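Q: Spelled out from the first residue to the last, the chains are:
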Amino acid sequence: MSAMNSGEESPNTMRESGFRANLHGASLADLVQMECLSGRERVIRVSSGNDVGYLFFRGGQIVHAVCRRGIGETAALEILRWNDGTFEPCSAGWPDRDSISSNWQNLLILSAQHRDESRHREEVSGHNLVAFPGHRAGAPRPLSSSPPPPVSAPPVSMSTSSRSEASVSGESSAPLLAQVRAAVRIDPSGNVVSSKGDAAELSQVAAYAARLAELVGDGLGMQGLLSVEVTQQRSRTLIYREKSGNTFALSAAPDADLTQVRERLGL
Amino acid sequence: MSNGRITNALAALRDVAGVHGSFVLSLTGELMGKDLPAVFHDEIFVEVGARLSRFIETMAADGDEVSSAVLRFDEHRLHVTRFAHGLLAVIAANEINAAALRMAVTLTTRRIEPEIVSLLTSPPPPVSPSPSLTPPPVSVAGSHGAPRTYRGRVLTSG
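Quick mapping for you: the protein sequence lines, in order, are chains A and B.
Residue numbers for the first sequence follow my numbering, so the first one is 16 and each next one is one higher.
Residue numbers for the second sequence follow my numbering, so the first one is 2 and each next one is one higher.
Honestly, the hints are just simulated from the structure, not real lab data.
Accuracy of the hints is not assured; some may be wrong.
[Claimed, not checked] Heads up, simulated SDA-like pairs for lysine to any residue below, C-alpha to C-alpha not over 25 Å straight-line:
no.	chain 1	residue 1	chain 2	residue 2
1	A	258	B	95
2	A	258	B	41
3	A	258	B	96
4	A	258	B	77
5	A	258	A	280
6	A	258	B	94
7	A	258	B	59
8	A	258	B	75
9	A	258	B	76
10	A	258	B	97
11	A	258	A	229
If you're wondering where the values come from, they're calculated on a predicted model, not measured in any experiment.
Turn these sequences into a full structure, and let the hints steer you where they fit.
A: Structural data, given as structure tokens:
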């Protein structure tokens, strides 16, 4: 959550305000999703063991990625396969042009598929005698001819940092991501701040439903609407009223487990 | 339209720790019964009922019917369950055993459903017929000045 609420910043400067988070147990997929939903433009340095990669976010998408194995989509998929490590903003230099055109949902789904296939191969082989360098943190890797990664900024002190530093570990939440059909953030005037998927109708429904829920609460003496969660025959909808006054809504498959989302929102 | 048997059925929900009370609405938002402290007088539910009904309607705008909803507030939450003929809403504390509440709600909706159907289908109170509303007696051909007809043709005299 804090990553979503922290202030905006340009890719090469750190703002002097905002939250710094230290999340344990979050998956890289979770953090990428949060970053994309925030719509911010910035570079994130992801490290896992001896591996370091950079994800470039702009306009709610991953537009560029670099790691020792390559650049672009290849690098993004490589980074997204890492199981644990750290995730922190840095002031790396931006490329002249974007190297990734796929949307972030596709990247996460592809990454999850690759992981599943790798796992399946390991299971089929019976014994995991062969180490896959891409899966083992700290395993030696051949240096490739890809361009060197950009230089990261030194860590920013806690009192002045706007970054959200997180350690990444645990299993990917790609199954949940695959079940999220649309997500949208609306400001108090009803303008769409950011959206994913086909969120046109969701934005209207969420805005009106949240207002009605607020009025129902007022009528019954219940103040401070936090969220609305609706179970429908063909979907589940979660509407969350942020402290900023913005409304965040997501629509997911009916059997989607929203526990992670609820926990992240403090519900 | 409140019903004592509905109120009794709703009272069972209070067995779940954290439940403050509950009420039942028709699908159009009309209050059918409640088990709440006296401060929640019926007039409140004119607006609350209509809005809650609109809320459910909004969420089902694309034809995806709502089964249930949880509205979370700072200190309380409102669990709304849609059943065939109405909405059951439970006001509860935020810290509540959700599984226990779901079970209690299932049993309660099963109990109140026939009562709701009975209320919704009960005939309106009889109204005494006034002379002005009494329909005219069935006319006999040729009576009351109406022209006589034979096989659809008007018969002329003579």
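Q: Among the hints numbered above, which are violated by the structure, and what are their numbers in rising order?
A: 2
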